[in-house]
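Asker: Start from chain W and add chain E according to the hints.
The listed protein sequences correspond, in order, to chains W and E.
Using numbering that gives the first Met the number 0, you'd call the opening residue of the first sequence number 0 and step up by one each time.
Using numbering that gives the first Met the number 0, you'd call the opening residue of the second sequence number 0 and step up by one each time.
Hints were generated in silico from the structure; no laboratory data involved.
Beta carbons: idealized from backbone N, C-alpha and C, even for Gly.
Looking from chain E toward chain W, a few residues come up when the C-beta cut is under 7 Å (computed): (1) 142; (2) 171; (3) 173; (4) 177; (5) 178; (6) 184; (7) 188; (8) 211; (9) 219; (10) 232; (11) 243; (12) 260.
Pairs of lysine-lysine residues, derived as DSBU-like cross-links and limited to a Cα-Cα distance of at most 35 Å, are as follows: (13) E:194 <-> W:187; (14) E:282 <-> E:197; (15) E:96 <-> W:244; (16) W:122 <-> W:9.
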Amino acid sequence: MAYTYLEFEKPISDLESKIENLETSTKNENAVSKEISDISNQIEKTTKEIYSRLDIWQKVQVARHPHRPHFSDYIENIFTDFDELHGDRTFGDDRAIIGGLAKFKNMPVVLLGHEKGKNTEDKLNRNFGMAQPEGYRKAERLMKLAENFNLPLITFVDTPGAYPGIESEERGMSEAIAKNLSVLSNLKTRIIVIISGEGGSGGALAIGVGDHICMLEYSIYAVASPEACASIIWRDKSKANEAAKAMKVDAESLIKFGLIDEVISEPLGGAHRDLGGSCNLISDSIEKTLNDLNTQDIDEILKKRYEKIMSYGLV
Amino acid sequence: MVKSWFNRILPSFARAHKKDDKKSPVPQGLWQSCPNCKEILYGPDLEANLYVCMNCDHHIRIGARHRLTYLFDENKYSEISADTEAKDWLSFKDSKKYKDRLSEAKNKVEEKEALICAHGKLNSMDVVIAVFEFRFMGGSMGSVVGQKFVDAVNKAIELKAPFICFSTSGGARMQESLFSLFQMARTSAVLNKLKEEKIPYISVMTDPIYGGVSASLAMLGDINIAEPKAQVGFAGPRVIEDTVRVKLPEGFQKSEFLLEHGLIDMIVHRSEIKDTLYNLLSKLSSN
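With the rest of the complex left out, here is chain W (with noise of 0.2 Å):
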C-alpha cells in the first residue's frame, strides 16, 4: 500500500518526498547527505509543531489513519507464543474479534481485540473491526477461560461499533453485549484494557470494562462514532467534527474526567510512524500495571473494580 499522509501532515509528506528525490539524485555525497540531515532534522520539528496542537476532529483521523498498528501488530511486537482461539462454540467464528494465549514477558495472559484488517480483503474478513454477536460471544469464552486459569486479560479497543446487521439482531446483538459487561464487571481476574484506535459505542465498551483502562494519546472513545452522533444529534453526518469535539472523545480531555486510568504516550507524530517505539510505550505501561495489581489479593480488586464502576457519572 502506498504511504497515505492525512492532509495536515502534507508539510512533513513535502519534506519526506524531498529526501526520497534527494536519494535517488546523481549529487555529490557530501553535500546530499549534509542535506538529508538538515531535513529530516527539519521533519523532527514540523512534526512535532504540528502533532503538539492537534485538535481533537484531526486526533480522530490519527486514530483512524491508515497506517494505524492493528491489534495485530501489537499481538505480535508486543507479547510472544501466541495461540490464536477460535469460535463462541455456538454459531462461528468472528474474525473482527481476535483471542486466544500469549506470554508477555514469560507471564502467560489471556489476549483480546478487535481487528479492522489491514489490506482489503483482510478488512472485508474481519468486517472493517464491527463484530457480530458470535464475537462478542468468543471474547465471553475467553474472559472466562482468563478466570478459570486465573490469567491476567489483556484487551485491546479498536472499533468503530458493533456490526448493525439483520442477523446481529437475530442472533441477539443487545445481549451479547450486555452478557459481557456483566461477567467483565465481576471477572475473577485482573484486567487492562487499551483503547488503541477508534473506542466506538456498545461495541467498544463490551471488551473495555476493567481494572486499568488506558487509552493511546491519539486514540477515541465516545459513546457513538462522531458520524452517529452528528446524524442523530445534528440530523447531518457531515457534522461529524462537531460532534466529536462536543462529546471530548480524546485521552486528554477524558482522563480530566476520570473515566480513563491512564494516557500511554505515543512516538512523535503518531503509533504509525514508530510501531516499534509504540509497542515499547505500551509494553511499558502494561508491566508497570500488572506488577501493581499482582501485588493486590483479588478480593481487593474486585472492590476497586465495582467502586470504579459505580464512580463514573456519580453526582
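Answerer: This is chain E only, laid out in the frame that chain W set:
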C-alpha cells in the same frame, strides 16, 4: 360511570377536565385516534383499557407515572432518589445547549429525569420498580438515569424486595458521551449484586428500546418480558437499512421476533402484566 357518560354528551367547552391534565403522559382530549389503526377511541374507555386500543389491541405508549399507578396497589408508592438531576459534564452544545434541552424536558414532562424509581406493594408484595420516561429526551440514559437505577437496585437489596424495570429508551444519551456509555457498565454491574443476593430481577421491555439500554440493563433480567409488538433492538432500523441496503423483514425487532429468536421469555398483554409479575416473583421468591 354516570359522570363520564354525562361528560360525554356535553359540548366540549363545558366538559369537565381533570386537574392533572397537564401532567398526563398521553395525548389529552376526549377522543383520541389509535396511532396504529387510526380508529377514533373514546378517552375514558381507552384509559379504563390501560391505553390499549379497543379495536386493534395496539399498546399505546404511556408515561412512567401512569405505569406506576397501574402497578402499585392503591396507587401508593415512595419514590427513590426523586430529586437527583442530570448534570452537564461536557458543557455539550449542538444547535442548543444540553442544559437548555434538559430544562425544556423538565418543563414539558414535569419530571426531573428519564427514569422514575419507587418502592411499594404489588398485590401486597414488596417490590422496587424503575420505569423509563420516554418523553424525557427519548428516555435516554445519562449518568443520572444510571445512578437512579443503581439507587433503586440498592434499595431492592436493602428491602430484600424483587426488582422490576420497565424500559423504553432511545439508548445512551449522546450529550453525556462517555459518561453515558459507562452507565451501561454501571447498571450491568449493580445487577450482579442483586444476583449475589438471590433477589429476582424482571425486565419488562416496552416500545421502543434501542442501543445502550437494550445492550445493558434491559437484556439482563432473570426473566425478560415484552409488551406485544414492542420494538427492541441494538441498532435502529434506519442505521441497519443504511448499512446492509436491503429492506428489513416484516415484524423485524418486534417482541414477536425477539420471542422467536430466543431473546425474551414471554410476551405479556398490558392488562395482565401486574398479575404475571406477581405470579413469577412469588415463585422466584419462595425460598
